[in-house]
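The lines below spell out each chain.
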Amino acid sequence: MNMRRMILIAILLIAFSGMASAQTELSMWYHGGAWAAEHQVFIDLIEAFNTSQSEYTVVLEAFPQESYNSSIVAAAAAGELPDIIDVDGPVMPGWAWAGWMAPLQLSEGALDNFLPGPIGEWNGELYAVGLWDAAVSIYARRSVLEANDIRIPTLDEPWTGEEFDDILEQLQATGDFEYVLDLGMAWTGEWYPYAFSPFLQSFGGDMIDRETYTTAEGVLNGEEAVAFGEWWQSLFERGLAPGTSQDTGDRETGFIDGRYALQWMGNWAGVSTLGEVGEDLIFLPAPDFGHGNIIGAASWQLGASSTTEHPEGVSQFIEFAIQDEWLTAFSDATGLAPATPNAAAMSENYSAGGPLEVFYELSNQQALIRPVTPGYATLALIFEKALADIANGADVQDTLDAAVDEIDADIEDNMGYGFDM
Amino acid sequence: MISASETRKNAPLWVRLLIPKDAPLYQRNEAIAGWLMAFPALLVLTIFLVIPFLMAFVMSFTNQRLVSPNPTEWVGMRNFERLLTVRVFTLEPERDDSGFIVYDDDGSIAYPRLRTFTRKNPDYPELNGLREFTSWQAGENRTVILAADVVFLRALINTLIFAGVIAPLQGGLALLLALLLNQSLPFINVFRAIYFAPVVVSMVVVSLLWRFIYDGENGLLNTLLGIASFGSFQPVDWLGNPYSAMPAMIAMSAWQAVGFHMVIWLAGLQTIPVSLYEAAGLDGAGAWQKFRYVTWPGLRNTAVLILIVIVIQAMGLFVQVDVMTRGGPLDATQSVVYQAVQRGYDKQDIAEGSAISVVLFFVVLAITIVNRYLTRDRDTS
Chain P
1 MNMRRMILIA ILLIAFSGMA SAQTELSMWY HGGAWAAEHQ VFIDLIEAFN
51 TSQSEYTVVL EAFPQESYNS SIVAAAAAGE LPDIIDVDGP VMPGWAWAGW
101 MAPLQLSEGA LDNFLPGPIG EWNGELYAVG LWDAAVSIYA RRSVLEANDI
151 RIPTLDEPWT GEEFDDILEQ LQATGDFEYV LDLGMAWTGE WYPYAFSPFL
201 QSFGGDMIDR ETYTTAEGVL NGEEAVAFGE WWQSLFERGL APGTSQDTGD
251 RETGFIDGRY ALQWMGNWAG VSTLGEVGED LIFLPAPDFG HGNIIGAASW
301 QLGASSTTEH PEGVSQFIEF AIQDEWLTAF SDATGLAPAT PNAAAMSENY
351 SAGGPLEVFY ELSNQQALIR PVTPGYATLA LIFEKALADI ANGADVQDTL
401 DAAVDEIDAD IEDNMGYGFD M
Chain V
1 MISASETRKN APLWVRLLIP KDAPLYQRNE AIAGWLMAFP ALLVLTIFLV
51 IPFLMAFVMS FTNQRLVSPN PTEWVGMRNF ERLLTVRVFT LEPERDDSGF
101 IVYDDDGSIA YPRLRTFTRK NPDYPELNGL REFTSWQAGE NRTVILAADV
151 VFLRALINTL IFAGVIAPLQ GGLALLLALL LNQSLPFINV FRAIYFAPVV
201 VSMVVVSLLW RFIYDGENGL LNTLLGIASF GSFQPVDWLG NPYSAMPAMI
251 AMSAWQAVGF HMVIWLAGLQ TIPVSLYEAA GLDGAGAWQK FRYVTWPGLR
301 NTAVLILIVI VIQAMGLFVQ VDVMTRGGPL DATQSVVYQA VQRGYDKQDI
351 AEGSAISVVL FFVVLAITIV NRYLTRDRDT S
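First to last, the sequence lines map onto chains P and V. Mapping of the first sequence onto the numbering used here: position 411 corresponds to residue 411, and the numbering continues sequentially without gaps. Mapping of the second sequence onto the numbering used here: position 32 corresponds to residue 32, and the numbering continues sequentially without gaps.
Among these hints, one or two may not hold up.
Straight-line Cα separation of at most 20 Å, SDA-like style, residue types lysine to any residue; simulated pairs [what the hints assert, rightly or not]:
(1) V:K120 with V:V86
(2) V:K120 with P:E217
(3) V:K120 with V:R82
(4) V:K290 with V:L181
(5) V:K290 with V:A280
(6) V:K290 with V:P273
(7) V:K120 with V:R78
(8) V:K120 with P:D410
(9) V:K120 with V:E132
(10) V:K290 with V:T302
(11) V:K120 with P:M415
(12) V:K120 with P:A186
(13) V:K120 with P:M421
(14) V:K120 with P:G416
(15) V:K120 with V:V88
(16) V:K290 with V:V309
(17) V:K290 with V:A279
(18) V:K120 with P:A333
(19) V:K120 with V:L91
(20) V:K290 with V:Q183
(21) V:K120 with V:T85
(22) V:K120 with V:I161
(23) V:K120 with P:D413
(24) V:K290 with V:Q270
(25) V:K120 with V:F89
(26) V:K290 with V:G172
(27) V:K120 with P:D408
These aren't lab readings, by the way, just hints derived from the structure by calculation.
Only chain P is shown next, with the shape it has when bound in the complex (with noise of 0.2 Å):
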């Protein structure tokens, strides 16, 4: 055999295997290898999508969450970025900003009856979609309430600030609990903007002018901000919720072994706490301290890389996750809230009836996405500082101007963000 005939072999050999895979592959990187029910629907779910289509393969990659957004800002460096990115939501406005995200092209309607949370929307484009919501609720024992005549809140009533301020005080009275309200100081980071802005919103305040996206003055240090500081600090000074200083193990187990009367917590927890504390537990929906009872919104979503050469393939792909029976199968494992009304009523705990019920309805009524911002990811640490500052008997004033100070600056380095200073 002569080398021109290897030649030709070689080439009708790759051509013919290029062939026989004209499958083009995806690849999707996701930050919860962690968490082994949730990657496991997400590899059912990649695999059926594969099955059902011959034009594309999707490949996951699976990271730790704690190294996940460092690895997506190093590809980004690399230009490694791969087709389909898992993104938190108030962070993707700072990668669609810095050119890493490209909106979807998701076919008309398809995200009618979704909830508002998991649309993520920027710039009047969308750029993820996700497949479930989480939310925050008042955990409490019936048994703890009735026993001290208080009343039980709903949606429609839910407690005023006073009247919720008087329950803690009751309850304080009692000599019952270590503490009456677990905010989850020990949970820093992201919890902190995420649990916390609501009630600052709830007072008519919030982390940023949303008119503009410019400056924070006059929001966040703002009579009404003053007004949720000094409630807030209040809480620690009467020694009504544990301080920063919490530990973690305590705030695992604090509410479940009774040492605390009120729990402010997700529904992510809401199957497991049940579990322990059985038919007693309810759910009660957010405080309203003037301005409405408000609770964060968005999770983790899906979106394209702008890098991607086959947008329309990643596309197909999350029209095809965002199926019923998708968000069924990811609220079934993981107890977070899926994102539409028809895959609620499929679903083990959002269906009627279910443990988790009321969860839905407080997401749908309630939620609030936290401020669409290229900004956030430095908004929010600013934020978390403030309220662990002011928890710790900061100046009220003193602290909120500093913040509003640093925001303001920080926008005017980065000329706005994208928006028109």
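Add chain V to chain P, keeping to what the hints say.
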């Protein structure tokens, strides 16, 4: 046989530059071998230490961001001005129309809000963006120390305090342990291993464990103190109290690293010849005199090494802060490296983080030079 000049001619340029021309042949060959052996380590050090530092140095003069489509620009000394600007400002009391001082409800003198001066006040452009670091009353006026970056200033002071306290504490404890363990007793190696164990455990794990120990609600330390005092001890929220957080962190850090320095002291102790102790014993020296006139002079070089190593490690305080307190409560445990990481990475301001690293480099350099000067060998100079 290759002549010296030929070896030299065949060597790469950088080797030729490093070896003097008139050195004897064997020295030149040894030098070439030496540099060749050092080459892999030097390469790694250059790639992972020298180049990143040079990059940080360059970036600290720009507005480089971690995530941003905006172009990078030179900003000169801006980052350093934002970190290091400190001013003294005298605040005059508020006066009513007839010039009398206004008093608060509780009888103290009322002052205008600082923010009216430090935020976009055209009369005080030099104060724009500054914040109060500390202040005190002087007569009817109030003297205020203003800083552009209050948190960084706290971090710098905290780190210096941390290093200043932990150097004698940790070095002294380690020496004490080394003296105790420098005896030929049965199972002495078991004890050495026990004291060394915390060094082997990752600092992250140690920090997590100590968070349980310091827990204010039902931590081990509070429980133990409660038992030891028959219940009369009031539980302390060790990490949640601005006054106890830093001491708690110092104690825990010293505990973690003391074994490492104990081993260095032990090595130093074993270089002291036994004959010196025997001679001192014959001269009638007691235990203290043996330590003072034989052991301590024999440990001189070890002591210098340990001092420098502890101080440099202490200036890099990070993991404990990150895991245990995140700089709180009220900035009581902020550290320079924690701020560098938080700004550069979490807040995505790489330029500001780099500027902090550069400042830290010069601080450590200055400390080391002073250290070397103070501990120089006075006998031979």
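Verification of the hints:
1. V:K120 with V:V86: Holds: V:K120 and V:V86 sit about 18 Å apart, inside 20 Å.
2. V:K120 with P:E217: With a Cα-Cα distance of about 13 Å, the restraint between V:K120 and P:E217 holds, given a limit of 20 Å.
3. V:K120 with V:R82: With Cα atoms ~16 Å apart, V:K120 and V:R82 stay inside 20 Å; holds.
4. V:K290 with V:L181: OK: V:K290 and V:L181 at ~17 Å, within 20 Å.
5. V:K290 with V:A280: holds (7 Å)
6. V:K290 with V:P273: holds (13 Å)
7. V:K120 with V:R78: holds (18 Å)
8. V:K120 with P:D410: holds (16 Å)
9. V:K120 with V:E132: Cα-Cα ~16 Å, so holds.
10. V:K290 with V:T302: holds (18 Å)
11. V:K120 with P:M415: Holds. V:K120 to P:M415 sits at ~19 Å (cutoff 20 Å).
12. V:K120 with P:A186: violated (37 Å)
13. V:K120 with P:M421: holds (17 Å)
14. V:K120 with P:G416: Holds - the C-alpha atoms of P:G416 and V:K120 are around 19 Å apart, at most 20 Å.
15. V:K120 with V:V88: Answer holds: V:K120 to V:V88 is near 18 Å, not above 20 Å.
16. V:K290 with V:V309: Measuring from Cα to Cα gives roughly 27 Å; hence the hint is violated.
17. V:K290 with V:A279: holds (10 Å)
18. V:K120 with P:A333: Judged against 20 Å, a Cα distance of about 54 Å means the pair is violated.
19. V:K120 with V:L91: This hinted pair holds, its Cα atoms lying about 17 Å apart.
20. V:K290 with V:Q183: Holds, at about 15 Å.
21. V:K120 with V:T85: holds (17 Å)
22. V:K120 with V:I161: violated (35 Å)
23. V:K120 with P:D413: holds (17 Å)
24. V:K290 with V:Q270: Answer holds: V:K290 to V:Q270 is near 15 Å, not above 20 Å.
25. V:K120 with V:F89: holds (16 Å)
26. V:K290 with V:G172: holds (18 Å)
27. V:K120 with P:D408: Holds: V:K120 and P:D408 sit about 13 Å apart, inside 20 Å.
Taken one by one, the earlier hints fail for this structure at numbers 12, 16, 18 and 22, listed in ascending order.
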